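Protein chains: 2
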Amino acid sequence: MADVKTGGRARGIDRVIALMEHLHGLRAPARIADIARDTGTPRSTVYELVNTLVEARWLELRDGDGMVYFGPAMHYYGSDYLDSVDLIRKARGEVTHLSESVGETAQFCMLDGDKYLVVLNEPGRRMFRLSSEIGIKVPIPWTASGRLLVDHMAPQEIRAFIPAEDFTLPDGRQIVEEEFLRDIAQAREAGFVRTTALVDRFTTCMAAPVRDPAGRCIATICFVVPADTEADQQAMMIDELKASAARLSGAR
Amino acid sequence: MADVKTGGRARGIDRVIALMEHLHGLRAPARIADIARDTGTPRSTVYELVNTLVEARWLELRDGDGMVYFGPAMHYYGSDYLDSVDLIRKARGEVTHLSESVGETAQFCMLDGDKYLVVLNEPGRRMFRLSSEIGIKVPIPWTASGRLLVDHMAPQEIRAFIPAEDFTLPDGRQIVEEEFLRDIAQAREAGFVRTTALVDRFTTCMAAPVRDPAGRCIATICFVVPADTEADQQAMMIDELKASAARLSGAR
DNA sequence: GATCGATGCCCGAAATATCGGACAAAGTGA
DNA sequence: TCACTTTGTCCGATATTTCGGGCATCGATC
Chain D
1 MADVKTGGRA
11 RGIDRVIALM
21 EHLHGLRAPA
31 RIADIARDTG
41 TPRSTVYELV
51 NTLVEARWLE
61 LRDGDGMVYF
71 GPAMHYYGSD
81 YLDSVDLIRK
91 ARGEVTHLSE
101 SVGETAQFCM
111 LDGDKYLVVL
121 NEPGRRMFRL
131 SSEIGIKVPI
141 PWTASGRLLV
151 DHMAPQEIRA
161 FIPAEDFTLP
171 DGRQIVEEEF
181 LRDIAQAREA
191 GFVRTTALVD
201 RFTTCMAAPV
211 RDPAGRCIAT
221 ICFVVPADTE
231 ADQQAMMIDE
241 LKASAARLSG
251 AR
Chain B
1 MADVKTGGRA
11 RGIDRVIALM
21 EHLHGLRAPA
31 RIADIARDTG
41 TPRSTVYELV
51 NTLVEARWLE
61 LRDGDGMVYF
71 GPAMHYYGSD
81 YLDSVDLIRK
91 ARGEVTHLSE
101 SVGETAQFCM
111 LDGDKYLVVL
121 NEPGRRMFRL
131 SSEIGIKVPI
141 PWTASGRLLV
151 DHMAPQEIRA
161 FIPAEDFTLP
171 DGRQIVEEEF
181 LRDIAQAREA
191 GFVRTTALVD
201 RFTTCMAAPV
211 RDPAGRCIAT
221 ICFVVPADTE
231 ADQQAMMIDE
241 LKASAARLSG
251 AR
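Listed in order, the protein sequences are those of chains D and B. Letter by letter, the first sequence follows residues 1 to 252 in our numbering. Letter by letter, the second sequence follows residues 1 to 252 in our numbering.
Bear in mind the hints are in silico, worked out from the structure with no lab data behind them. Among these hints, one or two may not hold up.
Unchecked claim - Below, computed lysine to any residue pairings styled on SDA-like, alpha-carbon distance capped at 25 Å:
#1 D/K90 <-> D/I136
#2 D/K242 <-> D/A185
#3 B/K137 <-> B/E230
#4 B/K90 <-> D/D83
#5 B/K137 <-> B/T203
#6 D/K137 <-> B/R62
#7 D/K90 <-> B/L130
#8 D/K115 <-> B/N51
#9 D/K115 <-> B/E60
#10 D/K115 <-> D/F202
#11 D/K90 <-> D/G103
#12 D/K115 <-> B/A56
#13 B/K242 <-> D/R126
#14 D/K115 <-> D/L198
#15 D/K90 <-> B/G25
#16 D/K115 <-> D/E133
#17 B/K90 <-> D/S101
#18 B/K115 <-> D/E55
#19 D/K90 <-> B/R126
#20 D/K115 <-> B/E55
#21 D/K115 <-> B/L61
#22 D/K137 <-> B/V85
#23 D/K90 <-> B/M67
To be verified - Where chain B lies over chain D, by a calculated footprint (3+ residues, C-beta under 8 Å):
#24 10–20
#25 81–87
Computed from a prediction, not measured in an experiment: that's the story for all the values here. Every residue, glycine too, gets a C-beta built ideally from N, C-alpha and C.
Input sequences plus hints: build the corresponding full structure.
Written as structure tokens, this is what we have:
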């Protein structure tokens, strides 16, 4: 993305973008020397930039152990972004409501290019939480929601749209394209989709589509629960999802 | 903060910081030409930087009307920040729970320098929502929570800490210092604070202190409600706040 | 207490990113 | 239709920021 020519001289802004992306990838504070090594930025440059960014509250020095991580300014800017996107702002309300009332992890997801993206995640009340990091991108076929998000495309469009390697699950299993296409048709018919033990053995995902006025699925709202969740409980959750998704689809 | 010498030549990163702060101040998309004018940045430079930032998803072009505003990357970085700060992460749960169960706007606030700062805001279910923008800073005496956040200081410390002009309310009224100090003592005694019609005529704020092991108030959790809310309802809300604050104080 | 690695800062040199201005394209209004 | 404003891109010059290397400090390990 921000391609910094390693070795050469680069703009401060590009160095900063690389730095922030690196921290986002780590999802943990990092030492300045490590940032320099891992992003291919000269050490003195990183010190210089980090000082600037800390002063602007974009970054924060942690603990006193010389580590840096995102600072409060990022939270402010991020909140501004969420408030500015109408659909996401409304989805926030639905996701918190679902998570709070049902007590399970609820998410709001969209497409980003040819990848599936978790935009909002609100954990449930379980001891061992199932949840995803905000902003992670995942191959579309690995997810329940993915089956809804491409349901406006023709089969050959889908084949062209999703990279071939994305049909390989993390454990090496292949998702058969015909089954994937059948799932999509079924999901469209039923108005929801459920997958069990897809990317791992113990989770079930249930998702309902948020559609634009033209009927195209632009987002999904979903629950992530343990695979052994009772069937009637799951049925109730699917009804909740459909209701939320309908509210979001209408509210445009 | 990011002081850009107007007129002179400046680093890209300083221009970018000024740009982002400007957008955060506006809380609305802006046209590129306006950004250039308002931040004192040369037009060609803004175009150059905006292109870079849009590519990195830090900014987004809106609508097609040539306006820019924060992009999804800010949301990701901001979420990372929230997750990384233990107290804030836990506070998120409390704030959403309070807002959801009581149906009123709940907030989590801290000090930032000598100003009061809204860190988390979760609106209630009213038709006309009372809420604050994330990241706004407000003079300490204007707020209920402010009376808790300085309660570890001696009177003369407080006088030295809070700028004199911060005792003037937006409508020009003066907050009498003696009353302010008495409020603080009372709040400390009672374990909560309530103010009515302080910055405006129709709101009541109730807040409870989150304290560190040494007993110092490091944050507050609060409700913002219409001033005509029933007394027993308010009493219930104060109990909820105290319980939440106690959980946050203990969970360290 | 000596060695080693890591941290943080400083400085001079030069590679280059910023800036001003010019220009085409797209609106706007009369 | 023409005049005028606004938007977005391009280009060359130079003021400046990046970069590499050096140095003092600090802690850990032996």
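Quick rundown of the hints versus the structure:
Under the criterion of a C-alpha separation no larger than 25 Å, the hint pairing D/K90 with D/I136 is consistent with the structure, at around 21 Å. Taking the CA atoms of D/K242 and D/A185, the gap is near 17 Å; set against the 25 Å cutoff, the hint holds. About 29 Å separates the Cα atoms of B/K137 and B/E230, which puts this hinted pair outside 25 Å; it is violated. Proximity of B/K90 to D/D83 is assessed by CA-CA distance (about 22 Å); at most 25 Å being required, the pair is judged to hold.
The hinted pair formed by B/K137 and B/T203 meets the criterion: a straight-line CA distance of about 18 Å does not exceed 25 Å. Taking the CA atoms of D/K137 and B/R62, the gap is about 23 Å. The hint holds against a cut of 25 Å. The straight-line distance between the Cα atoms of D/K90 and B/L130 is roughly 16 Å, inside the 25 Å bound, and the hint therefore holds. With a C-alpha separation of about 23 Å, the suggested pair D/K115 and B/N51 falls inside the 25 Å cut-off, and the hint holds.
In summary, the hint linking D/K115 to B/E60 is supported, as the alpha carbons are separated by about 19 Å, within the 25 Å threshold. Our distance criterion of 25 Å between C-alpha atoms is met by D/K115 and D/F202, whose separation comes to about 23 Å. Note on D/K90 and D/G103: the hinted pairing holds, with a Cα-Cα distance of about 20 Å set against a maximum of 25 Å. Between D/K115 and B/A56 the alpha-carbon distance is near 16 Å, which keeps this suggested pair within the 25 Å criterion.
For a cut-off of 25 Å, the pair hint linking B/K242 to D/R126 stands: about 24 Å separates their Cα positions. A distance of roughly 16 Å separates the Cα atoms of D/K115 and D/L198; the hinted pair therefore holds under the 25 Å criterion. Between D/K90 and B/G25 the alpha-carbon distance is near 23 Å, which keeps this suggested pair within the 25 Å criterion. As the CA atoms of D/K115 and D/E133 are separated by approximately 15 Å, the hinted pair is consistent with the 25 Å bound.
This hinted pair checks out: B/K90 and D/S101 have alpha carbons roughly 18 Å apart, not beyond 25 Å. The straight-line distance between the Cα atoms of B/K115 and D/E55 is roughly 17 Å, inside the 25 Å bound, and the hint therefore holds. Between D/K90 and B/R126 the CA atoms are separated by roughly 14 Å; this keeps the pair inside 25 Å, and the hint holds. For the suggested pair D/K115 and B/E55, the alpha carbons sit about 17 Å apart, so the restraint of at most 25 Å is met.
At roughly 21 Å between alpha-carbon atoms, D/K115 and B/L61 fall within 25 Å of each other, so this suggested pair holds. For a cut-off of 25 Å, the pair hint linking D/K137 to B/V85 stands: about 23 Å separates their Cα positions. With a CA separation close to 22 Å, the supplied pair D/K90 and B/M67 stays within the 25 Å bound. Here's how the segment 10–20 of chain D fares: 7 of its residues keep a CB closer than 8 Å to some CB of chain B, so the rule of at least three is met and the hint holds.
Residues of the segment 81–87 of chain D with a Cβ under 8 Å from some Cβ of chain B number 4, which satisfies the need for three, so the listed coverage holds.
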